[in-house]
Amino acid sequence: MLGRTLREVSAALKQGQVSPTELCQRCLSLIKKTKFLNAYITVSEEVALKQAEESEKRYKKGLSLGDLDGIPVAVKDNFSTAGIETTCASNMLKGYVPPYNATVVQKLLDQGALLMGKTNLDEFAMGSGSTDGIFGPVKNPWSYSKQYREKRKQKSHGENEDSDWLITGGSSGGSAAAVSAFTCFAALGSDTGGSTRNPAAHCGVVGLKPSYGLVSRHGLIPLVNSMDVPGILTRCVDDAAIVLGILAGHDPKDSTTIQDPVKPFTLPSLTDVSKLCIGIPKEYLTPELSSEVRSLWSKAANLFESEGAKVIEVSLPHTSYSIVCYHVLCTSEVASNMARFDGLEYGHRCDTDVSTEAMYAATRREGFNDVVRERILSGNFFLLKENYENYFVKAQKVRRLIARDFVNVFNSGVDVLLTPTTLSEAVPHTEFIREDNRTRSAQDDIFTQAVNMAGLPAVSVPMALSSQRLPIGLQFIGRAFCDQQLLTVAKWFEKRVQFPVIQLQELMDDCSSIFENEKLASVSLK
Amino acid sequence: MATPMLRWCCPGRRWIFAGIGGGSRHGRGVPTGSTSSGKKGQSSVAQQPLITAQKPRKGEREWAAVVGLEIHAQIASNSKLFSGSQVDFAAPPNSLVSFFDASLPGTLPVLNRRCVEAAVMTGLALDCHINRKSLFDRKHYFYADLPAGYQITQQRLPIAVNGSLAYSVCVGKRWSQMVTRTVGVKQIQLEQDSGKSLHDNLRSQTLIDLNRAGVGLLEVVLEPDMSCGEEAAAAVRELQLILQALGTSQANMAEGQLRVDANISVHHPGEPLGVRTEVKNLNSARFLAKAIDYEIQRQISELENGGKILNETRSFDYKLGCTVPMRDKEGKQDYRFMPEPNLPPLLLYDSGSLPTGADPQQVIDIDQLRERLPELPRVTREKLVRQYGMLPEHSFALLNEVGLLEFFQNVIKETRAEPKKVTSWVLNTFLGFLKQQNLAVSESPVTPSALAELLDLLDRKAISSSAAKQVTDVKKGNPRAINKLIGLVRRATLGRADPTVIKEVLERQLSS
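Residue numbers (full-length UniProt numbering), protein chains in the order written: chain U, 1 to 526; chain X, 1 to 512.
Rather than coming from a laboratory, the hints here were simulated on the basis of the structure. One should not assume that every hint holds.
Said to hold, decoys possible - With a Cα cut of at most 27 Å, we get these calculated DSSO-like pairs of lysine-lysine:
#1 U:K50 to U:K151
#2 U:K397 to X:K139
#3 U:K394 to X:K484
#4 U:K107 to U:K94
Isolated chain U (complex conformation) (with noise of 0.2 Å):
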């Protein structure tokens, strides 16, 4: 039951298959087994239980609230969620119990989803590994996986498996493994230069980056306000679809969304794309691509041209400018938001009384760890005075171009885009941290982060496994408020490709119970 996609378990929930609280429990186990994958900072087991009870009630007297009634959901913990602690994986946040819920929690909620917990990221969700946050690094399922292990016993052989497991991605990392590894059915992230899409490509889920002002951000502990969009994580592109619908719309605590009112969809399914045109941006063929990746995102526009639909090759000439724009604006941003936390109305706070100035200065040495602190430095010499036309206007302007390289394709005629996610399939994590956060966030982010300087939506499908046999996911690139559109392609791309499911029955080999007696139409466990 737990490896079925949120619209089989709905159905299941529907016919009685299934109850809400017995579903919830499988995850709660699974969540303890997994444990040492780290995903999730706080597990809301008595909340989420008494969810499962209500919506049990619900089930029997017929009142189901629609497709996410009874559905274990979990959330990033840069959400704030009413009751339950938000830390951002920061120290300066770490107690702090926010006493509203995010405009998306509140929606899911609404919609009688169970809320299993809060997921791992990195500190205040600034990192591509989900290694820099208080709670530790998140470890991506897939070194666990029947797939990965077999692979690397034929390989080589004593080595320590246990210390060489592989990073998530970042920093929505603990969303993606938490969908991964099944604990949950649909998990959000936040994705500000490819937070969702990063890790979604690593741990093999779907990952989505809604267009900006499509989703509120009220209640979303921000990063950059003008690149963060809500992110979701789910194991198909139909789930992602169906949580899309219910989260999207305008919400008039958050001024940037929307007005036009938005109705839930359907993704149709595709039969014929003889009508499509996908653009191949040339300049995402870097050097770092891994052959791998490379060969795969040919494999696809391949796949798409065999099928009748029009494959181009168009340019986005300002894109190599993206990532030290992306650096000005994000910094800069980001010494602004953080500025908020002084120790004075909540969280952290030092002991040091000698001074309002040496309080505010001792908490926030305290509540920051280095990459926070970096950005916080950096941003602020951005918008000195004597910076600000230098920097952070100029960085404004490389991003209007960016933006328009965009427009300036999708008016060519193109539908969507047809990109890698990443550069390669997720390392281990001690080859990860040889790079400072800073390296690493900009070349992880690079073919994520110029859409969100852009709001455009976009996608990360996972595609196939790689040699190691660990997941490879391919991005869409859709126009501004096409979702729908974008995730109709993706799905197509979905069906076609047929992603292998992870095979995680080592890693639980006894929690059979789980999944016995289990009629696995789409996934195999075993």
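Starting from the structure of chain U, add chain X where the hints point.
Same frame as chain U, but now just chain X:
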């Protein structure tokens, strides 16, 4: 406008700040050799440039002062600029604080329509150009009563620009010598108020009240077109009346609803402007004038003595009557302005550009607001002068006191007496009585009808003006005045009436 000049006639001599007590006007002497006899202070000197026949002695040069103002007016609205919290001056501390006001992470600003309307109306009343598109910015500084670490304001593109404010000052000793001056309105911007810090020095604690945090402010920036404290005070007073007429701010300085910062510099005419200082947080018209005049003289004195003026922020010590440098947050710092990313550009429309089918709740039509503008004080005064043949200074006096104009108009409605007589009675006898009793117009024991009746009696010559004054004296609480009235009645009745009965009747009449 020509910059009036301040003259310094005593080079090399330091001002002596004698008599530092609060009451004395600056405690500063009139420059020796000045011909401004009879003038109370430097401000008057500034009004009337002293063009003396004698040339300045060697080494003696003229000074001109330049004064600009930044005025913060709290917007009269039910809720705050970006949150739904109520606005109430007198609420218990921290009882009106939303999650946004306390800057809880993840909260976002939502612009209050009423505050935008208030800004547009104020802009229209000050003949500003209303920007169809304006932007919000973050201004960063750390302070305990600024929870987010930044204030949302409109630094780059404010809602209104390029207006003007006409105000009047008297140039002589007499009110009748009033002249109208104009000061440019550089811009009007919407911004958030901060909370309040209450320093408890005894326990060395600072207590924070966030009730005020996030209340909408109109920052009105007046161009440096003024040259002395009196002009600045008159301009602020006029702005206050305009805001009150519009209802966009209660603009009560004592309650902090109107706060003024002054930028002041001095220079020799014909030479570039001097280094300016900023005097912050002036919260009464009187202190505003005093602080500016003090600061002008301080700068002159400093420069005359070979000193330098620092581009610094100062505050006015109203007890000492002088300005002093401020340290902490108000000092020079880089505010690291940045666009507020959570608020899209504020777009305004006029009847021509209104998008069809737009939700009226979501758009603001400038033309519609223009139609709703009430009569402005200047127009009201002109009307009074025209309608009642009143002297301009009387029209000023009538508008200067809250409720006095309405009182006057009610008396006029009910009496046959000449408007001139009514004006004189209201402004002299009635207002004098109120001042003496320290009462507001609304607290007056004399109703407009009573005064109207009295003036009618006077008009019919039923009573003499002295009797009428005595009636008001009794009303003022002077019981002995009744004896004079008894005398008048006895004379009128040729001594046939019983004084005791007269007293009873009079008392009954007067207490009604």
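Outcome of the hint check:
no.	hint	in the structure
1	U:K50 to U:K151	42 Å, violated
2	U:K397 to X:K139	21 Å, holds
3	U:K394 to X:K484	85 Å, violated
4	U:K107 to U:K94	25 Å, holds
Hint compliance for this structure: hints 1, 3 are not met, and every other hint is.
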